[in-house]
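Novice: Next come the chains, spelled out residue by residue.
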Amino acid sequence: MQAFKELAEIVRKEKVAEDLYRLTVKAPDIAEFSRPGQFVMVRTVEGMDPLLRRPFSVHQVSGGDMLQIFFKVIGKGTKALAGMEPGQQVDILGPFGQSFTMAEDSLHILVGGGIGTAPLLFLAKHLLKKNEVYSLRVLLGARTGNEIARVAEDFTNLGLTVDIITEDGSLGRQGLVTDLMTELQQDKQIMVYGCGPYPMLRAVAGICRENSWACQVSLETMMACGLAACLGCAVMRADMQGYVYVCKDGPVLDMNEVAWL
Amino acid sequence: MQAFKELAEIVRKEKVAEDLYRLTVKAPDIAEFSRPGQFVMVRTVEGMDPLLRRPFSVHQVSGGDMLQIFFKVIGKGTKALAGMEPGQQVDILGPFGQSFTMAEDSLHILVGGGIGTAPLLFLAKHLLKKNEVYSLRVLLGARTGNEIARVAEDFTNLGLTVDIITEDGSLGRQGLVTDLMTELQQDKQIMVYGCGPYPMLRAVAGICRENSWACQVSLETMMACGLAACLGCAVMRADMQGYVYVCKDGPVLDMNEVAWL
Amino acid sequence: MAVESPKMNVDIGSLRLSNPVMTASGTFGYGEEFSSLVNLHRLGAIIVKGISLLPRQGNPPQRIAETACGLLNAIGLANVGLERFFSEKLPFFDAIETPLIVNILGDTVEEYQELAARLNDEERIAAIEVNISCPNVKQGGVAFGTDPEMAHKVTHAVCQHFNRPVIVKLSPNVTDISLIARAVEDGGADAVSLINTILAMAIDIESCRPKLANVFGGLSGPAIKPVALRMVWQTAESVSIPVIGIGGISSPEDAIEFLLAGAKAVQVGTANFINPRAAEEIIQGIESYMVKKGFASIEEMIGRARKS
Amino acid sequence: MAVESPKMNVDIGSLRLSNPVMTASGTFGYGEEFSSLVNLHRLGAIIVKGISLLPRQGNPPQRIAETACGLLNAIGLANVGLERFFSEKLPFFDAIETPLIVNILGDTVEEYQELAARLNDEERIAAIEVNISCPNVKQGGVAFGTDPEMAHKVTHAVCQHFNRPVIVKLSPNVTDISLIARAVEDGGADAVSLINTILAMAIDIESCRPKLANVFGGLSGPAIKPVALRMVWQTAESVSIPVIGIGGISSPEDAIEFLLAGAKAVQVGTANFINPRAAEEIIQGIESYMVKKGFASIEEMIGRARKS
Ligand SMILES: Cc1cc2nc3c(=O)[nH]c(=O)nc-3n(C[C@H](O)[C@H](O)[C@H](O)COP(=O)(O)OP(=O)(O)OC[C@H]3O[C@@H](n4cnc5c(N)ncnc54)[C@H](O)[C@@H]3O)c2cc1C
Ligand SMILES: Cc1cc2nc3c(=O)[nH]c(=O)nc-3n(C[C@H](O)[C@H](O)[C@H](O)COP(=O)(O)OP(=O)(O)OC[C@H]3O[C@@H](n4cnc5c(N)ncnc54)[C@H](O)[C@@H]3O)c2cc1C
Ligand SMILES: Cc1cc2nc3c(=O)[nH]c(=O)nc-3n(C[C@H](O)[C@H](O)[C@H](O)COP(=O)(O)O)c2cc1C
Ligand SMILES: Cc1cc2nc3c(=O)[nH]c(=O)nc-3n(C[C@H](O)[C@H](O)[C@H](O)COP(=O)(O)O)c2cc1C
Ligand code: FES
Ligand code: FES
Chain A
1 MQAFKELAEI VRKEKVAEDL YRLTVKAPDI AEFSRPGQFV MVRTVEGMDP
51 LLRRPFSVHQ VSGGDMLQIF FKVIGKGTKA LAGMEPGQQV DILGPFGQSF
101 TMAEDSLHIL VGGGIGTAPL LFLAKHLLKK NEVYSLRVLL GARTGNEIAR
151 VAEDFTNLGL TVDIITEDGS LGRQGLVTDL MTELQQDKQI MVYGCGPYPM
201 LRAVAGICRE NSWACQVSLE TMMACGLAAC LGCAVMRADM QGYVYVCKDG
251 PVLDMNEVAW L
Chain B
1001 MQAFKELAEI VRKEKVAEDL YRLTVKAPDI AEFSRPGQFV MVRTVEGMDP
1051 LLRRPFSVHQ VSGGDMLQIF FKVIGKGTKA LAGMEPGQQV DILGPFGQSF
1101 TMAEDSLHIL VGGGIGTAPL LFLAKHLLKK NEVYSLRVLL GARTGNEIAR
1151 VAEDFTNLGL TVDIITEDGS LGRQGLVTDL MTELQQDKQI MVYGCGPYPM
1201 LRAVAGICRE NSWACQVSLE TMMACGLAAC LGCAVMRADM QGYVYVCKDG
1251 PVLDMNEVAW L
Chain C
2001 MAVESPKMNV DIGSLRLSNP VMTASGTFGY GEEFSSLVNL HRLGAIIVKG
2051 ISLLPRQGNP PQRIAETACG LLNAIGLANV GLERFFSEKL PFFDAIETPL
2101 IVNILGDTVE EYQELAARLN DEERIAAIEV NISCPNVKQG GVAFGTDPEM
2151 AHKVTHAVCQ HFNRPVIVKL SPNVTDISLI ARAVEDGGAD AVSLINTILA
2201 MAIDIESCRP KLANVFGGLS GPAIKPVALR MVWQTAESVS IPVIGIGGIS
2251 SPEDAIEFLL AGAKAVQVGT ANFINPRAAE EIIQGIESYM VKKGFASIEE
2301 MIGRARKS
Chain D
3001 MAVESPKMNV DIGSLRLSNP VMTASGTFGY GEEFSSLVNL HRLGAIIVKG
3051 ISLLPRQGNP PQRIAETACG LLNAIGLANV GLERFFSEKL PFFDAIETPL
3101 IVNILGDTVE EYQELAARLN DEERIAAIEV NISCPNVKQG GVAFGTDPEM
3151 AHKVTHAVCQ HFNRPVIVKL SPNVTDISLI ARAVEDGGAD AVSLINTILA
3201 MAIDIESCRP KLANVFGGLS GPAIKPVALR MVWQTAESVS IPVIGIGGIS
3251 SPEDAIEFLL AGAKAVQVGT ANFINPRAAE EIIQGIESYM VKKGFASIEE
3301 MIGRARKS
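Chains as they are written, first to last, in the working numbering: chain A, 1 to 261; chain B, 1001 to 1261; chain C, 2001 to 2308; chain D, 3001 to 3308.
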């Protein structure tokens, strides 16, 4: 595994919506080696509080040396990050973890919930290298519209069809993203790529099992290192006989590897 | 003692020299009650590292509601403060401590060393309310010129005569600020107001004793609270029988109150 | 089921507090120092700086040093002594209704006993908090707080001479704090408070000398909170008298953690230095949390995290 | 008197280290994990994750939580077990010259003994570090590290079966760590390392449950440094074998404090997570400090703060 430590200059900061930011940083090595689904570990302050780095999916790479992360302000780490300005530097490690496996001859269903959509744009771009637009479908769910409006646009700009559903009905239909899955037509082999909160992923995996669709999910856990060293990011294996480690065996895992507790 | 807690907006930040900053904040209550020699306790980060507030002398007040501090980057607290920008808010407590006693019918000698000059500008302005410019003398010393060039200008703009001496000779004469004191003419009763590092203050006090001049000094110690609660800021009393507390009994103290260990 | 005005009061023995948040000894002076910044009437109780029979000047400087999220202090129990406490500090409390708790310290069991007897005569004093982290000079300087037998003895002596609640404040510098807690409960304590500071040090690499003149000092502040919380959990499991949680409490969330772990009340220490209004804000924050979570009383919250 | 190339090497028993900075067990995986970020050859030694005879899956999640300047972990000693360590992890070290130290753990004295005997056959292993913070299942689950007698026993057993240096790693959760250190010295240890993590906990106020599934965990990181430094100071005073300092070391300054307090070497733990290059930067920083201060060798620095 090739990983790098870069002091990356922030070149752009976009406030996409309330508490939702997109940061573009110059990190040539990490950008070059990143694959869709992988993540980086970001130091959010110079001091020791908060102590640990924070994990973020690689949202996009561009221009060969630019890396984007797309994040939501949750607690003190993301708050500090949101307070940083272009010109300042952030200390980034990565890329880490397993990327999505690009299925062949499939209908690719990208299912994202809220900020969980972060890694899907990068995935879509990669899939489009070998697949036609009509073999990709993007299903996005969120609590409220402005959480995903902007990313939805980015998918649309790639020529993709995007189905949107929100809990409050403020954008697209009203409901949960899993509602959109029940309407999928099974003309082809299906590969589902799911990213979002754990309960959503569990529901997604349930539907995929029922329909015998293949499914990869990107899991989130607390992480101290991202380096497979602390063993903090354990998730119960499907056979209940041990653990997978999200930073090394994941974050992208086949739904059948995990015990959906 | 009337003290306040204010979330003060930074309205101006000047980089006076390498590692030397002047911050103007809007803190109406503290500004109104501040007297020369008093200090404020500033929180330098939102997180808990560094944990403690940092003490800074009131450098100036202006326009009724503006407060200035003048500081040097020493460690992590001052570094964080130097990284703040206009528009951001700082959490300030104060004003605390004993102010300078304005002597009457005296020749007022303001002796400052390096960043220790911070409280003297405010003092000079107050003295000038009741005294003519010729009854004030300002003696400034520093390691190198740019540490005091800017403040010297401010004194000059008040119409005051400023004698400058630097260790490297880059501004004014070469030597220590105490060298300037030996040339003082004793035509009148003399009151010395000394601010600067401890060894300098000890030397200043020594000269004052020899010449039977009155002398007030502004002391610096580690402080956890500034509120006379932690008892951390102890300095041995002249009688060696106990301690004075710099945040409450000082920071301005008569030279005869302190054991110059 | 949101509750509009949750019941914030708690009882520590016969002492009724309007809310469970007190200020910790040595971090709030004698109360007066904070009067222009804090509404003292809002506090559950005020615990003043530890008092000895005779005045103590304390340790030479440096007395304090900052560490990562922590404060190191070796004040050396500097205090005005009992006489000056009565004459200079106590009158201030005439105008304040908040319960006043006096923290006491001594070098011998007899000193603790005499302090208790003298304080018993002052009706204004609602309770005593016994600091047993001090070295017992008669028994070779081992702290009262690290030996269950000595802890029992000093507790018993104080309880015999003070007819209102006695809180015994435990030292964390032991293998098993619940042993000491049980000894103190047996000795008659109405409550235990914990933790006092953790023995620690720092070195100045420029001078190559310890930062504190006393070499060792006590660590306090956010850094120690997880250790304090664990000890409160263990102690609440071991005794049936109220446990008062102390250690790094700086926010409402911190205080709530201690209550959920089994503390009946909490003390705010080092946080007073960083935010003099910390205790007030914590009281407010606990109340909002209770409304949000539907807790009708503090009692309902106590030890909640222990019941699964 | 500036020194151009200060001597950075130190000896731990018969083990010669090119510099006094090692990576702490459980924070550096099996070495390989850091190979693309760190120049492993620069390190004084690499200590791998604690190994038991049989593989252990570890505790259920959550296993970690963040605290103020600290990390709380209850990994539950998850490890691949001795066999897989030999077959999967050890070969990586063929290409690396840095001394490899294996941290071992067991539930009984016999387990420790067998581990020592098996590791003795692998020449690549330069030393053993014995983690005695584990509960002794045969004796009611009290940790080996809190009872001097048990600590002595396990040390002795390991030393009998391992013919290279044995380091015993002490737990800080005791009243007097120097008692344990002396017991371990008597047992034949070539060095002691300290501290392991401090027992602590955190509570999630939303769910009203402990954050760690295991309830208690070990606190590490900058928060514990002042406590670790004090214990190293006390231990260096009490034993004549080398003391290896551990606890919150994140910068050259931190490491230097431990050396000045009397540690002969240091271990970098949690800091590896925040900055994988921490150990390397610390080595560099110690060297610069020595040049600046005119220390010709690490030996000269050791315990400097103790001599006034
Ligand atoms: C592989 C991976 C990829 C991720 N990608 C993204 C992304 O692209 N965009 C994004 O906005 N977020 C992403 N996250 C989640 C992000 O890491 C957390 O939101 C962030 O760490 C919260 O930090 P904080 O300091 O703001 O919150 P804190 O104050 O630390 O915590 C607030 C809450 O968030 C939870 N939390 C804290 N740290 C983590 C963590 N490391 N993992 C999971 N939960 C945590 C805590 O339990 C707590 O309840 C990802 C997480 C993982 C593991
Ligand atoms: C009453 C008073 C008034 C002051 N006025 C000014 C002023 O107007 N301008 C200015 O630049 N500085 C002033 N100082 C000094 C200023 O408080 C320290 O420089 C500052 O606290 C250093 O913080 P830091 O985090 O950058 O350094 P740290 O990383 O905390 O420490 C760096 C070094 O500074 C010393 N130090 C740290 N904190 C203090 C402290 N509270 N008091 C004294 N020394 C300390 C430490 O021992 C250490 O050696 C004043 C201090 C006092 C007590
Ligand atoms: C500067 C200072 C002085 C203290 N003085 C006393 C004291 O006199 N008596 C006492 O029992 N505890 C004393 N303590 C301990 C505190 O009351 C409290 O137990 C400890 O600081 C842990 O809480 P905290 O982390 O909230 O500060 C003192 C603490 C500090 C920081
Ligand atoms: C995630 C984690 C796992 C650890 N695993 C072990 C272990 O297996 N064996 C051991 O002796 N110590 C273990 N430790 C303790 C560390 O080696 C070290 O003693 C402790 O973390 C204090 O140092 P630090 O503050 O630098 O991290 C572990 C620590 C952490 C944080
Ligand atoms: S985050 Fe440390 S092992 Fe996965
Ligand atoms: S700084 Fe706390 S008493 Fe002076």
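Just so you know, these hints were derived from the structure itself, not from any lab.
Careful, some of the hints might be misleading.
[To be verified] Cut-off 20 Å, straight-line C-alpha distance, at most; resulting in silico cross-link-like pairs (DMTMM-like, lysine to aspartate or glutamate): (1) LYS1076/B - GLU46/A; (2) LYS3307/D - GLU2206/C; (3) LYS2307/C - GLU3206/D.
Novice: For each hint, tell me whether it holds in the structure or not.
Specialist: Cross-check of the supplied hints:
1. LYS1076/B - GLU46/A: Within the cut-off at roughly 9 Å; holds.
2. LYS3307/D - GLU2206/C: holds, 15 Å
3. LYS2307/C - GLU3206/D: This hinted pair holds, its Cα atoms lying about 15 Å apart.
Violated hints: none; the structure is consistent with every hint.
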